Each structure stands twice: as C-alpha cells, then as structure tokens.
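Colleague: Counting along the first sequence from 1, when you hit position 90 you're at 90 in our numbering, and nothing is skipped either side.
Since the hints were made in silico from the structure, they are not lab data.
Here the structure is a predicted model, which is why all the values come from computation and not from measurement.
A few of these clues could be false.
Per label pair, the in silico range of CB-to-CB distance [unchecked claim]: (1) A36 x R242: 49 to 59 angstroms; (2) P271 x K100: 28 to 38 angstroms; (3) G114 x A274: 50 to 60 angstroms; (4) S19 x P211: 15 to 25 angstroms; (5) A209 x R40: 18 to 28 angstroms; (6) F35 x E235: 28 to 38 angstroms; (7) E43 x R295: 49 to 59 angstroms; (8) E135 x G284: 32 to 42 angstroms.
All C-beta atoms, glycine included, are put in the ideal place defined by N, C-alpha and C.
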Amino acid sequence: MPELPEVETVRRGLEPAMSGVRIDRLEVRRPDLRFAFPDRFAERVSGRTIVGLGRRAKYLLADLDDGEVLVMHLGMSGSFRTERQDVADVPGHFHHARSKAAAHDHVVFHLSGGATVTYNDPRRFGYMLLVPRAELAEHAMFRDLGVEPVGNTLDAAYLEDAFRGRFTPLKAALLDQRIIAGLGNIYVCEALHRSGLSPRREAGTLSPARPRKVAGARATQLVTAIREVIAEAIEAGGSSLRDHIQADGSLGYFQHTFRVYDREGEPCPTPGCAGTVRRIVQSGRSTFYCPRCQR
DNA sequence: AGTAGAACCTGAGCGC
DNA sequence: TGCGCTCAGGTTCTAC
C-alpha cells in the first residue's frame with residue numbers, strides 16, 4: 001500500500017504521539033511479520049524513549065534513547081492507529097475508546113501517558129528491525145538506496161546518468177529503489193503521465209550519449225513531474241491527517257484522486273488529449289497510461 | 001549484468 | 001450464499 005507520501009503522512013501523524021515519549025511496554029503478538037522479529041525484540045524496545053521519528057524512502061525510523069533505530073516498513077498493507085484512553089473528560093476532545101484488538105494487530109506500543117499505537121498488517125509484508133544508529137547507512141536495507149524524490153540530489157543530470165545505456169522500460173527504471181528511493185507503482189504511473197513519457201520507452205533514450213552540461217528537456221520534465229506528484233501527495237496526506245486522524249485514529253490510508261492510476265478506459269485527463277487510459281502489465285505489475293499523449 | 005517472473009500472505013471484488 | 005478466479009500501493013529470490 002504505502003509509497004513515500006503515505007509513509008511520510010504516517011510519520012507526521014505518529015510524531016505527536018510518539019516523539020519524546022517513553023514506550024512503557026511493547027506488545028508483540030506473533031513471532032514474525034515478513035521476517036522474524038529481532039531477538040528479544042519486546043524486551044529491547046520496552047522502557048526506551050523515542051528520541052525522534054524520521055523517514056528514509058518508504059522506511060519509518062524511530063530513534064531510541066539507547067542509540068538503536070527501530071526500522072519499520074509497512075509492506076503492502078501495513079497501517080498504524082493511535083488510541084488514547086485519558087482524554088475522555090476533556091471537553092470537546094474526541095475520545096478514542098480503547099478498542100479490542102482487531103484482526104492482524106501484530107504490534108502494540110503502550111506509551112507512557114496511556115496512549116497506544118497499534119501496527120496492523122493483514123498481508124504481513126511489512127517488518128521491523130533494530131539497527132544501531134551508526135550502522136544504519138551501511139545496513140543492507142539502506143546502503144543501495146537511491147536519492148529521495150523530493151530533495152536536492154534528484155535532478156535531470158542525475159537521472160540521465162542513472163538511465164544511460166539502460167534498455168529497461170522507464171516504468172521499471174523508476175520503480176528501481178537504487179535510483180530513486182520511495183516511488184511505487186501509483187506515483188510512477190502518475191509522474192510518467194504528467195511528463196508525457198511512455199512507461200514503455202527505454203530508460204536510456206532520455207540520456208544523451210555523452211553527459212552534457214545542460215540536461216535534456218525530457219529528463220527535466222520527468223524530474224519536475226516526479227517532484228510535483230510526490231509533493232502534492234504529501235500535501236494531500238497532510239490535509240487528510242487534519243480531517244481524518246481525530247475521527248478514527250488510523251494512519252496509512254488516505255483518499256486521493258489519480259489522473260491515470262486505476263482509471264482504465266476513462267478519457268485521458270490531459271487537456272486537449274482525446275486518448276483513453278489503458279492498462280498494461282509490465283514486469284508483473286499494472287501500468288496505467290495514455291498511449292496518445294505519452295511518448 | 002540486467003531483466004522477467006515467481007514467491008511471500010490475506011482480503012476484496014467479480015462472474016457464475 | 002458460495003465458489004473460484006484475479007487483483008492489490010512492496011521487496012527479494014531465482015532463473016534465463
């Protein structure tokens with residue numbers, strides 16, 4: 001489920017409840033998610049204070065006061081929800097009753113002050129790790145990650161370099177976390193549509209044979225589209241947080257309207273384009289695009 | 001080396 | 001109502 005904007009939205013939603021807060025007890029309700037939990041996981045996390053909550057690509061990073069980082073990945077179906085039981089008598093404050101455990105509630109953070117944060121993940125493609133802060137950058141999960149899509153390091157010249165000589169389709173190249181870290185199936189489709197580039201085009205065709213000082217127009221368009229799509233989605237996530245979090249305390253899903261994703265058969269939303277959104281399968285995954293305006 | 005496909009797991013939606 | 005099939009926002013392992 002979550003791509004970078006969703007993970008960032010989850011981070012922002014959890015931060016007020018978790019940052020600077022002590023974990024009185026970590027409740028681990030099964031032996032594994034995608035991987036087995038770390039040795040003595042519950043014991044090592046219980047009693048720690050969360051110094052700060054960060055994010056890298058699609059990973060959520062909780063800095064603990066003993067120098068370790070609790071690394072959390074939400075896989076396809078992971079989500080968090082926050083609940084607190086100590087605000088019932090605050091006038092005007094929404095009260096989240098402490099609910100019973102739902103199906104697929106795998107990890108519960110019992111926080112000082114009485115709030116809980118629950119990780120739910122039906123498909124269990126998510127996972128949690130404990131990594132010493134100093135070793136994080138060299139950890140197998142992080143060392144090969146590419147640049148963040150919104151940030152100074154992503155620019156057209158970088159993309160041209162990364163794509164040079166590659167025959168793989170643009171769709172696959174953009175999903176490759178070693179080049180840009182954090183994009184997923186939805187936002188790749190959206191960015192390609194906005195930039196007028198076909199998902200089937202060979203990645204190397206965006207790169208001039210030799211590096212140039214001034215990057216080409218197509219790579220520039222693509223970079224602009226990626227940054228816009230991600231920034232807008234994070235903004236939309238922020239809005240949904242403000243509207244939504246108090247109602248049910250759940251984090252991980254928010255409503256979005258996409259221009260092409262999951263819109264097979266609908267008219268292409270590009271102004272003046274009479275095309276129809278088409279669905280194809282590339283390396284086993286759905287791609288939505290307009291064959292008319294995406295070249 | 002680089003790329004496609006299967007695998008991991010559960011649930012939702014659809015046609016019959 | 002129920003069965004069987006396809007599909008799902010991610011990553012990793014295997015096989016050409």
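Colleague: Given the hint of 49 to 59 angstroms, is the C-beta distance from A36 to R242 inside that range or not?
Modeller: violated, 37 angstroms
Colleague: Quick check on a hinted range of 28 to 38 angstroms for F35 and E235, using CB atoms only.
Modeller: Taking Cβ atoms as reference, F35 and E235 lie about 33 angstroms apart, which means the hint holds.
Colleague: Given the hint of 28 to 38 angstroms, check if P271 and K100 actually sit that far apart at their C-beta atoms.
Modeller: violated, 50 angstroms
Colleague: Cβ-Cβ distance between G114 and A274: within 50 to 60 angstroms?
Modeller: holds, 58 angstroms
Colleague: Return holds or violated for the Cβ distance of E43 and R295 against the range 49 to 59 angstroms.
Modeller: With a Cβ separation near 57 angstroms, E43 and R295 satisfy 49 to 59 angstroms, so the hint holds.
Colleague: Does the Cβ-Cβ separation between E135 and G284 fall within 32 to 42 angstroms?
Modeller: For G284 against E135, whose Cβ atoms are near 33 angstroms apart, the range 32 to 42 angstroms holds.
Colleague: Between A209 and R40, is the Cβ distance one that fits in 18 to 28 angstroms?
Modeller: violated, 55 angstroms
Colleague: Measuring from beta carbon to beta carbon, are S19 and P211 in 15 to 25 angstroms?
Modeller: Roughly 42 angstroms apart at Cβ, these two residues miss the hinted range, so it is violated.
Hint check: violations occur at hints 1, 2, 4 and 5; the rest are consistent with the structure.
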